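Peer 1: Fit chain B to the supplied structure of chain A, relying on the hints for placement.
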Amino acid sequence: MLKKNGFNIRISVQIFFFVLIGLIAVNHTLAETGGGIPFLSNASLHSLCPFGGVVTLYQFFSLGTFVKQIHASSVVLMILIMMLAILFGPVFCGWVCPLGSVQEWFGKIGKKILKRKFNHIIPKKLDSALRYIRYGVLVWVVYMTSISGYLIFSELDPYRSLYNFWSSEASLIGIGVLVITLLLSLIIERPWCKYLCPYGALLGITNFFRIFKISRNSKTCTQCKICDNNCPMNIEVSKTEKVLNHQCISCYKCTSEELCPVPDTVITKSISFSRKKEVDENKLEREVE
Amino acid sequence: MKINKTFIAISIFVIVFGGIVVSNLLNLWSTEASKEPAMYADGDVKGTYNPDDIRGSYTFERVADLFSIDEEVLLEAFGLPEDTDLSIFKTKNLEEMYESYQYEIGNGSVKVFVALYNNLPIELGDDYLLTEAVDLILEHNEMLTEEQKEYLENHKVDAVSSSHPIESEEKNIVNGNTTFKEVLNMDITEEQIEEIINSSMPPTNQSVRDYCTQNGLPFSVIKNALNSLMD
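Quick mapping for you: the protein sequence lines, in order, are chains A and B. Mind the numbering: the first sequence is residues 31 to 319 in the working numbering, read in order. Mind the numbering: the second sequence is residues 11 to 241 in the working numbering, read in order.
No lab work stands behind these hints: they were computed from the structure. Treat the hints with caution; some may be incorrect.
Restricting the straight-line Cα-Cα distance to at most 30 Å, the calculated cross-link-like pairs of lysine-lysine (DSS-like) are [said to hold, decoys possible]:
1) B:15 / A:272
2) A:249 / A:154
3) B:15 / A:269
4) B:15 / A:141
Pair ranges (Cβ atoms, derived) [as the list claims (entries may be wrong)]:
5) B:133 / A:50: 40 to 48 Å
6) A:152 / B:46: 47 to 55 Å
7) A:293 / B:97: 56 to 64 Å
To list a few chain B residues with every Cβ distance to chain A over 10 Å, as calculated [stated by the list, open to error]:
8) 45
9) 48
10) 49
11) 58
12) 79
13) 136
14) 145
15) 148
16) 153
17) 158
18) 160
19) 168
20) 202
21) 210
Computed from a predicted model, the values in this text were never measured in an experiment. Glycine is no exception: its CB is placed at the ideal position from the N, C-alpha and C atoms.
So here's chain A without its partners, still in its complex pose (with noise of 0.2 Å):
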């Protein structure tokens, strides 16, 4: 794999997030026995989850209340996380959370080990077609969750199991939904991401009208395919002129900044500036011809 240089700043953003949700589980149980880290958070796993905001709208603008657990913080994040995603796609996903972090870690154990087999198991066909489910998934749990006025996706979540293992709020079928997903992450990369994660299915509709887009520039580009190849979630980056796919998670793997060798061929632009090039580019053609 070419690499360009040493430090890679999203996986710090990873590790830093990471760390810091980590220790603020950690304190969140010191705290109930008294303890605690000075001058960090102890809040809640459930107060610190933007997808709790999307979970409780039904019931705030019905009732005027928050589902039980989730707090105004769950809404004030899943707003910001939202700006973030109009803006540059689903970053939370590809940098922020720590579930997703974690199965990509996983996941570069299972390339070391599979090589070019990994996170190409799949028949095509059916990997495209299980990549919807977590749109279904996306609406049974905001559904059920709307009408009974709980967390009823809370004993199966893999995040909550990652950071409450260690105490009594952990349920047996979560930290089982977390073994088998890890596992799966050694063989499939980010196989929760891909299909089924509810807030993933929400934030990869952003991908549509982001206002930053990855676009790829056909006159430069090579055809090597290794942006192809790199993509965590499959996509097939060179055959596209716009990265207009679902499953994007904004990881810039793809990009001339971190692997593709042609320098400004994959990059990320507005659109206004892409559109506005795009008629500089036609008006000095016109002026050639």
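Peer 2: Relative to chain A, chain B alone:
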């Protein structure tokens, strides 16, 4: 405009942490439920905190502070060791502490104790108190009605004789957080709920407590009526 990963990383930090700071300044950021109980809306006690709204997540320190009761009194009333840290011990922790008791000593007991100790109105349901708590109430509140005295007499639990396991294995209990959906899941029908609340079925995602608060119904009475259906 072309952007790079450093720009995105900075944007993540600015938007996430900047957003939290701004929402905090606007008093929109909250990671826990309000620790302020509702107040009585009318009568002589209008504007006073209503003990019926004490939540299981309140610490004893908070209860002592809100209702001006000495911490030593609470320690004695609920049989807590003297070295108990009341700043972290929550009223719901009583349920674990007394889980082997025949009668439930929990958040409901704290509500009744606080109300009767301070002579505040409360709908008496089926909550039990330790003998020590009853003695403290009788000693402190000389305004108790005969009905309240009778209730205390019938709902006091002796610490020693009651400490044997409850026969039923895992009992469904309606508490302050229970939603109507959860009540339905406890094999109580819509008709039974409608009969108890004397109204049509509320939204299933609403908690029983919120419904009672909104409709001026005594939560403790509704809760006990629902719980009695599960006996």
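Peer 1: Evaluate each hint against the coordinates.
Peer 2: Quick rundown of the hints versus the structure:
1. At roughly 18 Å between alpha-carbon atoms, residue 15 of chain B and residue 272 of chain A fall within 30 Å of each other, so this suggested pair holds.
2. Our distance criterion of 30 Å between C-alpha atoms is met by residue 249 of chain A and residue 154 of chain A, whose separation comes to about 28 Å.
3. Under the criterion of a C-alpha separation no larger than 30 Å, the hint pairing residue 15 of chain B with residue 269 of chain A is consistent with the structure, at around 23 Å.
4. Of the pairs offered as hints, the one joining residue 15 of chain B and residue 141 of chain A holds, with about 24 Å between alpha carbons and a cut-off of 30 Å not exceeded.
5. Look at residue 133 of chain B against residue 50 of chain A: about 45 Å separates their beta carbons, and that is inside 40 to 48 Å.
6. Between residue 152 of chain A and residue 46 of chain B the C-beta distance comes to about 53 Å, which sits within the given range of 47 to 55 Å.
7. A C-beta distance of roughly 60 Å is found between residue 293 of chain A and residue 97 of chain B, which places it inside the suggested range of 56 to 64 Å.
8. Listed as a non-interface residue, residue 45 of chain B keeps its Cβ farther than 10 Å from every Cβ of chain A; the least gap is roughly 12 Å.
9. The claim that residue 48 of chain B is not at the interface with chain A holds, since no C-beta of that chain comes within 10 Å of its own (minimum 13 Å).
10. Under the 10 Å C-beta cut-off, the non-interface status given to residue 49 of chain B relative to chain A holds; the minimum distance is some 18 Å.
11. Residue 58 of chain B, annotated as away from the interface, keeps every beta carbon of chain A farther than 10 Å; the closest lies near 24 Å.
12. Non-interface call for residue 79 of chain B relative to chain A: holds, since the shortest CB-CB distance, roughly 21 Å, exceeds 10 Å.
13. For residue 136 of chain B, the condition that its CB be more than 10 Å from all CB atoms of chain A holds, with the nearest at approximately 24 Å.
14. Separation of residue 145 of chain B from chain A is adequate, the least Cβ-Cβ distance of about 29 Å exceeding the 10 Å criterion.
15. Annotated as non-interface, residue 148 of chain B keeps its C-beta farther than 10 Å from every C-beta of chain A; the closest such distance is 33 Å.
16. Its beta-carbon lying about 36 Å from the closest one in chain A, residue 153 of chain B satisfies the requirement of being farther than 10 Å from that chain.
17. The claim that residue 158 of chain B lies off the interface holds: its Cβ sits roughly 32 Å from the closest Cβ of chain A, which is beyond the 10 Å cut-off.
18. Every CB of chain A is more than 10 Å from the CB of residue 160 of chain B (nearest about 36 Å), matching its label as outside the interface.
19. Distance check on residue 168 of chain B: its Cβ is at least 30 Å (rounded) from any Cβ of chain A, clearing the 10 Å threshold; non-interface status holds.
20. Interface exclusion of residue 202 of chain B from chain A stands, the closest Cβ pair being 18 Å apart, more than 10 Å.
21. Every Cβ of chain A is farther than 10 Å from the Cβ of residue 210 of chain B; the closest lies at roughly 16 Å, confirming the non-interface assignment.
When the structure is compared with the earlier hints, no violation turns up for any of them.
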